[in-house]
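These are the residues of each chain, in order.
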Amino acid sequence: MLKSVKTGLGLACVLAVMAGCSSTDSEQSGQEVVSQPDIEAPVDTNVVDDGDAIAPLENVVYFDFDQSLLKPETRELLIRHADRMRTASGSVRLEGHADELGTREYNLALGERRANAVRDFLVLQGVDAATLEVISYGEERPAQMGSNEAARAMNRRVVIN
Amino acid sequence: MIKSLLKTVVIIAIVSVSLGARAQLVVDITSGIDDPTPIAISPFSWSGSGVLKEDVSGIISADLRRSGLFSPVPKEDMLSFPKTPEDVVFRDWRILGTEYIVTGRIEPQASGYLLTFDLVNIFGQHKMFTKQVRGGQTQLRDIAHRAADEIFEAVTGIRGAFSTEMVYVQEETRGGKPSYLLMRSDIDGARAKQVRRFSAPVMSPMWSPNGQELAYVSFETGRPAIFRENLRTGARKQLTNFKGINSSPTWSPDGTKLAMVLSKDGNPEIYVLDLVSGKFTRMTRHFSIDTEPNWMPDGKSLVFTSDRGGKPQIYQLTLATGQVDRLTFDGDYNARPRVSPDGKTLVMVHRNRGTFTIATMDINSGRMRVLTETTLDESPSIAPNGAMLMYATKRGDKGILAAVSLDAGVKYNLPSQRGDVREPAWSPYFD
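Residue numbers (the working numbering), protein chains in the order written: chain A, 1 to 161; chain B, 162 to 592.
It is possible that some hints are incorrect.
[Claimed, not checked] In silico lysine-lysine, DSS-like type, Cα no more than 30 Å apart, as pairs:
{"no.": "1", "chain 1": "B", "residue 1": "292", "chain 2": "B", "residue 2": "404"}
{"no.": "2", "chain 1": "A", "residue 1": "71", "chain 2": "B", "residue 2": "404"}
{"no.": "3", "chain 1": "B", "residue 1": "472", "chain 2": "B", "residue 2": "236"}
{"no.": "4", "chain 1": "B", "residue 1": "472", "chain 2": "A", "residue 2": "71"}
{"no.": "5", "chain 1": "B", "residue 1": "505", "chain 2": "B", "residue 2": "404"}
{"no.": "6", "chain 1": "B", "residue 1": "214", "chain 2": "B", "residue 2": "292"}
{"no.": "7", "chain 1": "A", "residue 1": "71", "chain 2": "B", "residue 2": "398"}
{"no.": "8", "chain 1": "B", "residue 1": "472", "chain 2": "B", "residue 2": "559"}
{"no.": "9", "chain 1": "B", "residue 1": "398", "chain 2": "B", "residue 2": "440"}
Quick caveat, the hints were computed from the structure, so don't treat them as lab data.
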């Protein structure tokens, strides 16, 4: 368990370096970062990617229980997403999710509220609202199985697709 | 005496061997009331050829035991197996403390079976009734459940609900891909069959009041949409396709309307769809989450969950006036209300010291009572006789179904099934 958290932290640093940013580390960053299967761990972690236009941005943001408030580190990440979205074409799907605690229908509403919070923030950053589609899955599509807080923290999320 | 005891032991051995060959669903009763009525279901005679596919008297016994109001005498404790009221030796049953005995005879029919059964009061030494239930080749379990309904009502005065069914959602993973199954089974979990299989989540199944249709939410179109499906014909219709949430469908008591949740206006609001005219009427106007509507039995108001006060609580909406009144004040998370058939009791998901449990509230007094002791309990659904409710909980990481009586006296878990099961919906009576 501890080991996997450590691995997660290691990957967090790697991702932060790849994205050309060093400020995403927070006290809770062990839960803030999801490993993306399409990113291969670089052999040499000292290599800093200079063009952040091609480096993938972390596309999952996390929330506290029964909350849809954006955390400070989420805002920073969303600002970088907004920078790209303003110049990119095509639409983006914001998928809201909840953890297993609480009722399913209420969680469907909570997932939507989280995705709306992300949408509203992106729109404030100048992203065209017409390019953003919100969909909530509530607790029906957990990222991680298991009735424990580590899994729940990974499931209270919005995925930017 | 000793000699007859020895004889009994021999009978036990034979009986238990034959029982093993026809293993029944084992319902794990976690607690029962202090003083259930002792009743004996004497094994029924069968005048046809071969061996019956189901142990009819055993199913009746299991039904009555599951209600918590009866303690059926185990077969191995019976000194004799009377087949008619005339065969009953009252003294033997009084010694066992048995208050009632059921005797019965199953006969073959042109295409099925006929059960004739008698309910006998041991202490009064009189026959209370003789009744008959008929059924087709595949209906032995139906015959048993119907007989259990009659016995239950004659002794308790409460209509039996053993002949009812439930639907629920089952999730299975095959080759790394999840499937979501809408399942239907007898209320004891037996005879489970698939209504429909989905590759995207399905949720919130609800029965129509006549028991012929379901409404549910499916994500098959890429976003949540409400469908209605006829269980007999399999005909199905998509009712909503709005932007945002389309969820929580619930039939009005007269079956002509469907209350639901739509967030097309920006946030989740309660709507009522007139199933005849197809017209949607918005019922709530609030920036908070309004969801999980359920009808009061008179059809004049809805109860629903809202976090308009900061935390999820249960409110009542009077349809004629639009007036909204808060019903729950105990605790900081009360959600997904269901109303008992007499309209007097709410059941809900209630957070109690950090755990999610099922609670009831007397609507008049506001008095709340926690019924369950597990930690992730959800989706309570009340039996049509108002005596029990079915809910979903977790055993380890696996979703299971469980039941509890509304007075908390009886609890049992349904047999564990393949995959993860959740969201049970107890059917209405079918007649």
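Going through the hints against the structure:
For the given pair, residue 292 of chain B sits about 55 Å from residue 404 of chain B by alpha-carbon distance, which is inconsistent with the 30 Å threshold. With a C-alpha separation of about 27 Å, the suggested pair residue 71 of chain A and residue 404 of chain B falls inside the 30 Å cut-off, and the hint holds. The straight-line distance between the Cα atoms of residue 472 of chain B and residue 236 of chain B is roughly 52 Å, outside the 30 Å bound, and the hint therefore fails. Our distance criterion of 30 Å between C-alpha atoms is met by residue 472 of chain B and residue 71 of chain A, whose separation comes to about 20 Å.
At roughly 36 Å between alpha-carbon atoms, residue 505 of chain B and residue 404 of chain B are farther apart than 30 Å, so this suggested pair is violated. With a CA separation close to 22 Å, the supplied pair residue 214 of chain B and residue 292 of chain B stays within the 30 Å bound. Note on residue 71 of chain A and residue 398 of chain B: the hinted pairing is violated, with a Cα-Cα distance of about 42 Å set against a maximum of 30 Å. For a cut-off of 30 Å, the pair hint linking residue 472 of chain B to residue 559 of chain B stands: about 28 Å separates their Cα positions.
Taking the CA atoms of residue 398 of chain B and residue 440 of chain B, the gap is about 16 Å. The hint holds against a cut of 30 Å.
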